[in-house]
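Visitor: Listed below are the residues making up each chain.
Protein chains: 4
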Amino acid sequence: MTYKHTVQYYETDKMGITHHSNYIRWMEEARVDFLKQIGWSYEKLEADGVISPVTAIDCRYKASTTFPDEITIAVSVAEYRGVRLKFRYEMTDAAGKTVFEATSEHCFLDRSGRIVRPERELPKLHECLVSLASE
Amino acid sequence: MTYKHTVQYYETDKMGITHHSNYIRWMEEARVDFLKQIGWSYEKLEADGVISPVTAIDCRYKASTTFPDEITIAVSVAEYRGVRLKFRYEMTDAAGKTVFEATSEHCFLDRSGRIVRPERELPKLHECLVSLASE
Amino acid sequence: MTYKHTVQYYETDKMGITHHSNYIRWMEEARVDFLKQIGWSYEKLEADGVISPVTAIDCRYKASTTFPDEITIAVSVAEYRGVRLKFRYEMTDAAGKTVFEATSEHCFLDRSGRIVRPERELPKLHECLVSLASE
Amino acid sequence: MTYKHTVQYYETDKMGITHHSNYIRWMEEARVDFLKQIGWSYEKLEADGVISPVTAIDCRYKASTTFPDEITIAVSVAEYRGVRLKFRYEMTDAAGKTVFEATSEHCFLDRSGRIVRPERELPKLHECLVSLASE
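Just so you know, the sequences run in chain order A, B, C and D.
In the numbering used here, each number is its position in the first sequence, counted from 1, plus 874.
In the numbering used here, each number is its position in the second sequence, counted from 1, plus 874.
In the numbering used here, each number is its position in the third sequence, counted from 1, plus 874.
In the numbering used here, each number is its position in the fourth sequence, counted from 1, plus 874.
Careful, some of the hints might be misleading.
Copies of the same chain look alike in the list, so a pair counts if it fits in one copy or across any two.
Said to hold, decoys possible - BS3-like mimics (lysine-lysine), calculated; alpha carbons at most 27 Å apart, straight line:
| # | residue 1 | residue 2 |
| --- | --- | --- |
| 1 | Lys998 | Lys971 |
| 2 | Lys878 | Lys936 |
| 3 | Lys878 | Lys910 |
| 4 | Lys971 | Lys918 |
| 5 | Lys936 | Lys971 |
| 6 | Lys918 | Lys936 |
| 7 | Lys918 | Lys998 |
No lab work stands behind these hints: they were computed from the structure.
Generate the whole structure from the sequences, applying the supplied hints.
Guide: In structure tokens:
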């Protein structure tokens, strides 16, 4: 699944390129869109009392980008075995060149901060993630 | 009362100067510090169930700044007559030159979004603001 | 002319609503799009050696918004008499309710920081802005 | 070497905690301070025509933080063998609990985007980094 983000002027820095912190925000934008597309939007999860904080990110910056580049972000489920969910991201510029590669890891928590196991508490989400992880 | 903020690299843009949106964030930093200094920190207000959203801002950019300038922010209560609270800000660079002037307006709300009148519900805060507004 | 922005999760704050500083960034997004639509993109201006920094903003927050609201931003030229350019913005939510109103003022500078008068140095831009300001 | 950052209100999100993208910005704040302390500030490097973009980051989020927590950031040179420079970061809260661990990797480029080898072109910086990497 892909998501598009146009680099904004306010996302550049005095080097003249996109500040590296913004890619982490675009990962979130693309992940939010991905979860919405598969029927498990953040709003739906939050309405179910479940949040999914980021526990780790690992990012490789391959080439710089700048305003007003259009970035295409491919997102997929890299790994899911019942507790931790790992996404993979590949960002490409308009010419198709890879500019950024990353993974992010997430857990599921309820409102009191207790770990939620989708297999037991959100079995449909669990099935969906298992299926996506095996693609 | 003054507060200091050092311009961060990530706050610059490709013009080589501080992106204008960041001054609004520094106004918040300085206001948070001001309220803490007068004994009415955001945490205390939020613990009392009161939030104070921004209802208006009015900003004049006088001169550009950039990384790693140290900005001094003078904050004062410009106006308070019982409902709306108005702060005034003046930002100066290390040489004492005014780089930015602004005001922000705020109301007080409870958790359900209802208007809170400090005079009735937070009389000590009310007195404090009346006194600061007359300085 | 209108532009759409979907509120991102990272644009919210612990009040549960969009942080007020982000509207200033959306004003830029909408202005960038507006200038592109009328044939005077930032890139084109910068290629001509002209930058257009913000000299003032004046914002009224009418109603809060939050993730993942879709905001429609109407932009128009409010005033232009040869030196300063003033834009007007009105942001509405999906239900058509006005959530934010603002103006921003800009000047034109060359790379050395000298004031550029479009009438003399960019006559086609000047004509275009005069025409838009009279609508 | 340590650097302190107070979590700002605008750095929180609707989960009520610091948005994860901000830690990447604090890494930069701490790195900028570190380089300044060892006599190789960004300004000095940029005046020498050298920029040092981020090529990779690897972050573990150990515990959440929120406004107005004071975070202590320990920075050190994790690795340097002549081309790539790797920093290590550990962030702790006021109670001394580790909340975040990360590394970042950087290269050195000149204004035309060509790789700069400090050993040849900035021998004093090279010596300094070799010495810090062996600590």
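Visitor: Run every hint past the structure and note whether it holds.
Guide: Do the hints match the structure? See the list:
no.: 1; hint: Lys998 <-> Lys971; verdict: neither (36 Å within a copy, 36 Å between copies)
no.: 2; hint: Lys878 <-> Lys936; verdict: within (18 Å within a copy, 30 Å between copies)
no.: 3; hint: Lys878 <-> Lys910; verdict: both (15 Å within a copy, 19 Å between copies)
no.: 4; hint: Lys971 <-> Lys918; verdict: between (35 Å within a copy, 24 Å between copies)
no.: 5; hint: Lys936 <-> Lys971; verdict: within (9 Å within a copy, 34 Å between copies)
no.: 6; hint: Lys918 <-> Lys936; verdict: between (34 Å within a copy, 26 Å between copies)
no.: 7; hint: Lys918 <-> Lys998; verdict: within (13 Å within a copy, 42 Å between copies)
Of the numbered hints given earlier, the model fails hint 1 alone.
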